[in-house]
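As you go down the protein sequences, you meet chains A and B in turn. First residue of the first sequence: 23, per our numbering; consecutive thereafter. First residue of the second sequence: 826, per our numbering; consecutive thereafter.
One thing to keep in mind: the hints can contain errors.
Unchecked claim - Pairs of lysine-lysine residues, derived as DSS-like cross-links and limited to a Cα-Cα distance of at most 27 angstroms, are as follows: (1) K755/A / K786/A; (2) K327/A / K1046/B; (3) K1003/B / K332/A.
Unchecked claim - Listing some non-contacts, in silico: residues in chain A with all C-beta distances to chain B over 10 angstroms: (4) K252; (5) E326; (6) E662; (7) N756; (8) R958; (9) L966; (10) D968; (11) N1005; (12) L1031; (13) S1046; (14) V1047; (15) V1068.
As the list claims (entries may be wrong) - Footprint (simulated), chain A over chain B, 3 or more residues, beta carbon under 8 angstroms: (16) 856 to 867; (17) 887 to 894; (18) 897 to 909; (19) 1064 to 1075; (20) 1080 to 1086; (21) 1134 to 1141.
Everything labelled a hint here was simulated from the structure, so no lab data went into it. Ideal placement from N, C-alpha and C gives every residue a C-beta, glycine not left out.
Here's the letter readout for the chains.
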Amino acid sequence: MLRRRLNRLLGGDERRVDSRTIYVGHRSGSPNEAIIPPKFCDNRIVSSKYTVWNFLPKNLFEQFRRIANFYFLIIFLVQVIVDTPTSPVTSGLPLFFVITVTAIKQGYEDWLRHKADNEVNKYPVTVLEDGRRIRKESEKIKVGDVVEVEEDETFPCDLILLQSSRDDDTCFVTTASLDGESNHKTHYTVPDTERDLESLNATIECEQPQPDLYKSLGPENLLLKGATLKNTQKICGVAVYTGMETKMALNYQGKSQKRSAVEKSINAFLLVYLCILVSKALVCTTLKYVWQSKPGQDEPWYNEKTQREKDTNLYIKMFTDFLSFMVLFNFIIPVSMYVTVEMQKFLGSFFITWDKDFFDPEIKEGALVNTSDLNEELGQVEYVFTDKTGTLTQNNMEFIECCIDGFQYKYRDASSELDGFCREELFLRALCLCHTVQVKESTEQSQGQGDGLTDQVDGLGVDGEVVPPPEEQRGFIASSPDEVALVKGAMRYGFTFLGLESKTMKILNRNNDVEMYELLHVLNFDPVRRRMSVIVRSRSGDTLLFCKGADSSIFPRVRQEEVERIRMHVERNATEGYRTLCVAYKHLSAEEYAQADKGLREARLALQDREEKLMAVYNQVETGMSLIGATAVEDRLQEEAAETMEALQGAGIKIWVLTGDKMETAKSTCYACRLFQRNTELLELTVLNLNLFLCSCCRSWSSANQDYGFIIDGATLSMVLNTSSESNSSRYKNLFLQICQNCTTVLCCRMAPLQKAQIVKMVKNSKGSPITLSIGDGANDVSMILEAHVGIGIKGKEGRQAVRNSDYAIPKLKHLKKLLLAHGHLYYVRIAHLVQYFFYKNLCFILPQFLYQFFCGYSQQPLYDAAYLTMYNICFTSMPILAYSLLEQHICIEILLDNATLYREIAKNAMLRWGPFLYWTLLGVFHGLLFFFGVRYLFSNPALQDNGQVFGNWSYGTIVFTVLVFTVTLKLALDTRHWTWINHFVIWGSLAFYVFFSFFWGGIIWPFLRQQRLYFVFANMLSSVSAWLVIILLILLSLLPEILLVVFRKPRGPHARQVELKHTYTA
Amino acid sequence: MVKQEKASANRPDNTAFTQQRLPAWQPMLSAGIVIPGFVLIGLAFIGIGVALFVTSRGIQVLEIDYTGVEQNSPCFPCTDQNRKNCVCDVNFSIDTLFQGPVFFYYGLSNYFQNYRKYGVSKDDYQLSGDLSYFKAPSSTCSPYEYDKNNKPIVPCGSVANSMFNDTFKLFQIVNGAKKQVSLDGKGIAWWTDYNIKYRNPSVTPLKNAFNGTVKPLFWSKPAYELDLSDPANNGFINQDFLVWMRRAALPNFRKLYRRITDGDYAQGLPAGNYTLEVSYNYPVLSFGGRKKVVFSNVSWMGGKNEFLGIAYLVIGSMCVFMSIVMLIVYAKFKFPEED
């Protein structure tokens, strides 16, 4: 009987102790033991939210959960139930429109998701069942099924690799669609598995599904759904997690929604307007009952009440009156504002994707917008947190020099022959062996079983007889570009890494001989240890450990007398901005190796605390090494990194560099980026001088008017942030923040990813809650990208995780300048104006209606016709502001880019503070008063036609409305600084449409209307000269202060400088 | 070649729109434009203002309150609710010729024709002559939908019910004898109201259409007897009725009653003494209202309205004044943008 128990824990985690048991191929351990098939979910991926049946109720429920929609629904219901002045159509129609459009959009998106789901779920897969190969749809896979996957196919669920077509029981996988890393990762079959899968009788115990994608990528038997099989003909694996329990699905959950500061302002303004609305209704209700208490006013004979009204309780009447007033004035908070804001954001974000300045010819990609909710936030950034490697620098490593036993070798004059010291050769062999680099396609060729399609660029011989000259551009793939740089550097000195096959590493040495090393163990790199090691066995049988890592982590583990010779070089290289690594080795005796091997194996199989145990073994093995030398790799600055940083600083943005690199390297990068200037006084805070520093700092702070740079390292930071006692912690934190905020640049080095997020969070929550932006390119930046208000990913070399989690992704750092200074600035100005204008136009729309109540006995008589009430926000005044909010460039892009200081003018939400809000509100009130009383004085004699006939109440309303539409549109025209043909078309088109619509609406007896209130009112109005004159007068009078303000403000205010700039620019 | 194409496929379109480089007009409100603009607008406004002011001044208006609140006023006896068919004579004199054509308005104050529930209390289908609504008036007409005997009221609703029913006769006193001034009741309502919006049912005689209905409670005679002399002015297209049905915008309003356009008075009312014979029916004192008659002639701008002329003059002079101020400011600042 074959029974093997595969006890594998996939990513240990103490908290999830319960595990699942899987019967491979649904065969129980013993024949007489009945299988109780455990219940697991099927392999269907459901990313869609709705089905055909629940779409309507579920979608409506979702939509009405939004406060605004719910409010409009309530208003609509009040209109239906209570006898209100306006018909339910006036608020029902816009609401219906909004709900429908949103539902269609969401329905379409869900349909796309359904389609994508179906594509995945119906994908045919091969399942081995009782020795037969059965084609199935992917969704029918059950946990325990043995699935066969062929080359270039994606895995249909999470599989444990049982069998591979390759001789060495490995397979290659790319996880490009999971995390964007396109390098091939090697996975191994479960050791000791029978070749005969049909008769395999086994159970797997593994933990319950958990989402941590990166933690679990480690176990080399687990193939994740979504990854693709490469360089391997086919594999068989048993399904362990299916459907929604796969790592991919568990990671699918979107990130939390970020809300922009503008949205918060909108909500604050809404509250103000809601108060205005309620108080208006209250005032009217109160005055109505005060007025009615006077004799004769309550029920004049000509306006008798109905029996029902007479019977109604006074308080109920008051309440319904209040509701009626609410309904009458509810247009002050328009539904359409949400639609317009959403549209502006959605359409506006296209300009980022479309911008050809963001197109990078190298990667052939432009910018990417993951969320359009934060466009305007780009114009409000106060703090930029940037990663160093790959963001400020190119992450394009170049081997510069190395230092072996204190002798320095420059890369440039590599042609000069090295002396044949064995130490040097050892050093170069170490460089060739101590890495996780793969040679592109080489494995297949060397095995000679490729199907002939593989290109022969490298043309490597199998046995080293025919050796082509080593080429510069050999295809190396690695997760870290440092490693590639080092391998290439070694190649330059004559040691070429040929690849890894069947656990054997091949090196082509200077004498064109192939050296073979058996790879015994890889002690992977991790950011805590900051080093990696390999254990290899040479042909001669020696067991060697090669280790490379940061100086700080290597020096304590080597003999001290060796350190001094190297240290000098390392430090000098670091100050020049190079990344330095130290290389050490040690011989392992047979006993030592046996011990280490045992320790490593045990730790890898540990069910609990695997990480910790591994770490302990690693630390134990990596001791007593001898230092061979050090390398220096240059990471060149990104194009225009310095200019970009300078521009951002000019824009008043504070830049914090958060890096995992060491202080010297980071500092030199900062100097190179001109973040630190020569005259910047650097304040360094490290563990050594912590107490001293804080004391001296708080004393001598305010003295100088100087630029300060602040440097802190991770260890100190955690001391500052995680002080044991509560009171001290907050005190230190505040002190620390205070210091940081007074420095132009802060550099935090040796940071763990989580610390980066911690810092961002701290600044984000500090006083004044400044807007933060994080930019980074690697997986270690994801936490801070998610934490900051705006997260920017760089489409760099370290995979796509940063891009996937970002709000915006750009190909290069230099694009940040345009993104913030031009796009951000414009978006902010546009949306701020949009919001203010929307509130303004609805205030002066409803104010006359409110004032009219004083003249109609508080009877809720609407001033405007229902059609006007409905169409005002939807048709007459919506398009111009939308066009404005998409196209406006109050200052043209070139000037914005050239003068970073312009960015400061809109800092701190300048256009949406209470000051500007008050200004717009007063403007709205002024216009509203003017419209109403202007027409009211005209109507002191309603005989306005030359035939002596009189105008009625609808004429009154139509005149006010005409003035309103024209004034509000022309006000926007006055604010428009950038008239494209679209603006012209939309502004004049809207006015023309209004006139046309009014003629049309009043020109026909509409059969479906009960009351033909507007019949010929508009045409009659136009036949009156007085009406024309009053319309012109009121429009001009409303706009006059605006024109004066523009003219008078110019010579001194901020506009003057823009004008000058514009002039110099055009000149 | 293929590679190049691939590269460009991913590249954003280089069009003026996508790159936000649409050719644009960027108007700057500079002093060079604004000052002359203000002067021009100011002068134009002053011109219009003067024209309006002069025209308005030229319009003669004669207002007579005949409510009869004071003891000694001629209509005081009629304010007694119990008196039916009360007639009172209001005497007045004109010093100079009242230029024709003269328009005769009646005015009401503190009368809320713009009251919402009052305003909706009518049935437009009924008033457009749809007979089915004669039998079943719209519920909006409540409380004047049906009478006590549950018979439908036509025309229904508060607006129609409260139609102004004072009538006037104007006499000139010539050598002690009364000479009636002929009043023209045509052309006082909107042309579209008279010809399109309001229609009588196409039943002859009109009376038959009203079978089974009752007249509004306040009315003394049914709709089909509003003007028996002229079928084109009867029923729903009676012009007095139409004028009343067009609701006033404000609580103090006037409505056109008659025009004095033909006969001896086509050129106007000559100086002399006149008597206005009012048949006083419409009660207003219960809600503190006032009734008045207004004689006025009109101009191209309509009736007398000082507001427009003054407003234009003020705004016009303000514009001119502002342009002078601006000129001084800019002279001091040496026209920064001309440099």
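Handout entry: Structure-inconsistent hints, enumerated in ascending order
Key = Hints 3, 5, 8, 9, 10, 11, 12, 13, 14, 15, 17, 18 not satisfied by this model.
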